[in-house]
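**Q** Line by line, the protein sequences are chains X and L.
Numbering of the first sequence is given in the numbering used here, commencing with residue 770 and proceeding in unit increments.
Numbering of the second sequence is given in the numbering used here, commencing with residue 17 and proceeding in unit increments.
Keep in mind that the hints were calculated from the coordinates and are not lab data.
Every residue gets a Cβ at the ideal spot worked out from N, C-alpha and C, and that includes glycine.
There may be inaccurate statements among the hints.
[Unchecked claim] Pairwise CB distance ranges (calculated):
id : chain 1 : residue 1 : chain 2 : residue 2 : range
1  : X       : Gly889    : L       : Ala94     : 50 to 56 Å
2  : L       : Ala45     : X       : Arg796    : 29 to 35 Å
3  : X       : Asp826    : L       : Ala45     : 31 to 37 Å
4  : X       : Ala972    : L       : Arg18     : 31 to 37 Å
5  : L       : Leu51     : X       : Asp925    : 40 to 46 Å
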Amino acid sequence: MTPRETDPAGWGAALGAFIATEAGGRRARLENWRRLVGGAIRENWAVTVTIAGGPLDGTHELVLRTDAPSTIAESRPLGHEFALLKAAHGAGVAVPEPFWHGPDASVIGKPFYLMGRLSGVALGNRIVRDGANEALAERLAAELAKIHAITPPRRDLDFLEPPRDGPALDAVARYRAHLDGEPEPHPALEWGLRWLETQAPAAGEIVLAHRDFRTGNYLVDGGRLSGIVDWEFAGWSDPMEDIGWFCARCWRFGAPGREAGGIARRETFYRAYETASGRAIDRETVPYWEAMAHVRWAIIGLQQTGRHRSGNEPSLELALIGRRMAELEHEILGLTGVA
Amino acid sequence: MRDRPSGAELLAIARETLLGELLPHAPDAQRYNALMVAAAMAIAAREAEAGDGALVAERESLTALYGEVRNADEPLDAALGRLNRRFAADLRAGAFDAPDARQAAAWRLLRQATMAKLMECNPKYLEDEG
Chain X
770 MTPRETDPAG WGAALGAFIA TEAGGRRARL ENWRRLVGGA IRENWAVTVT
820 IAGGPLDGTH ELVLRTDAPS TIAESRPLGH EFALLKAAHG AGVAVPEPFW
870 HGPDASVIGK PFYLMGRLSG VALGNRIVRD GANEALAERL AAELAKIHAI
920 TPPRRDLDFL EPPRDGPALD AVARYRAHLD GEPEPHPALE WGLRWLETQA
970 PAAGEIVLAH RDFRTGNYLV DGGRLSGIVD WEFAGWSDPM EDIGWFCARC
1020 WRFGAPGREA GGIARRETFY RAYETASGRA IDRETVPYWE AMAHVRWAII
1070 GLQQTGRHRS GNEPSLELAL IGRRMAELEH EILGLTGVA
Chain L
17 MRDRPSGAEL LAIARETLLG ELLPHAPDAQ RYNALMVAAA MAIAAREAEA
67 GDGALVAERE SLTALYGEVR NADEPLDAAL GRLNRRFAAD LRAGAFDAPD
117 ARQAAAWRLL RQATMAKLME CNPKYLEDEG
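Take the sequences, apply the hints, and build the full model.
**A** Spelled out as structure tokens, the structure:
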């Protein structure tokens, strides 16, 4: 546990004034700052906000979210993430309550937003260590169905680019464009991408996909879901992309036998999703999206490790991601193999 | 010649000291960092131990795939970079789409190189497969 600080970044006064105005109160005080671990792309601070006057008079346990020193191409700007969080909250998805967005540098020198703080832990290892939790998987499937009930067109989400050649082929093109900028060749990923290109399913239904819906990105308190976080990758896609991502081996945190996120049987998750969404899961198509998941994680991993290699952000955590490529390639070759 | 212990041996004992002596005294907030340091040292030690064997085999497979005669003057790194660049471009262009012996050879080559990397980066991953 990092120590609680009075005002580590010197943001307290400016943020207090900002919150008081937004919340229609007389004043707002911020205390108990604590930097939260996790989130290589964003910086998260837990903070206690006490508002005097107005409809939100009282004490609120919040999270301030802002950009880390450098970000990656796959992730969306903070303001878009805030809009996505609001859309999810509006659809009844269990998410941190979105409060206020500071879109520019005028308050703390960079964009930020404030949201409610969920209880519990998100760390994948901790959640998976607690063993099988079929009820949690069923609840997650039901939440995913609510996310997938958000469909285009949506004026509040008009920044999301519509698919061009379908979510699958669009992804192949994006990942290839990224590989073209890498200093080294990656033939195993090229193998996977060619397979994903030739085997692409026909473009079908388009929904809001979270696109990072996995163990590690939801909080669990006492075995129960408290909410889903990390919306910076969300976009219009095939609903099966999220199903494949959730079940992909790279997100089972050392419990490869529990194929739904390291927490439950795959069929448990599938059936709960089908019941909640009224949409059938094609068992033959999910492995396609699992192969896509591993290619995508590899591309994100190359971006992450590139931040370290660039010298701009030396980090052992980012450096080690570069050496996880073999695990991902192993899965890709297994899912697309000829032997 | 170099004196002993070798680099790999130094990494091994340094890692043991880190995990056995330092880690128990690390504050909770630093445990993750200490474990990452240990993981990085383990990869570096296995890499030093393994030497170039797998890379030489990868070059052999690639030169065989392309029917090349090995140029003895070309350093291993340069050859691997050049051949893998060509291989990557050919894969993207669909040169291995036909389900034939060449495609099977390409897949085996990728698998062999990936397994060699996995043995260095995370040998436990394969044990977990059961």
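**Q** Indicate, hint by hint, whether the structure satisfies it.
**A** Hint-by-hint comparison with the structure:
Restraint check, glycine 889 of chain X to alanine 94 of chain L: a C-beta distance of roughly 52 Å satisfies the suggested window 50 to 56 Å. Between alanine 45 of chain L and arginine 796 of chain X, the C-beta spacing of about 33 Å keeps the proposed range 29 to 35 Å intact. Distance hint for aspartate 826 of chain X and alanine 45 of chain L: a CB-CB separation of about 35 Å, consistent with the stated range 31 to 37 Å. For the pair alanine 972 of chain X and arginine 18 of chain L, the supplied restraint of 31 to 37 Å is violated, since their beta-carbon distance comes to about 60 Å.
At roughly 42 Å, the beta carbons of leucine 51 of chain L and aspartate 925 of chain X sit within the given window of 40 to 46 Å.
Taken one by one, the earlier hints fail for this structure only at number 4.
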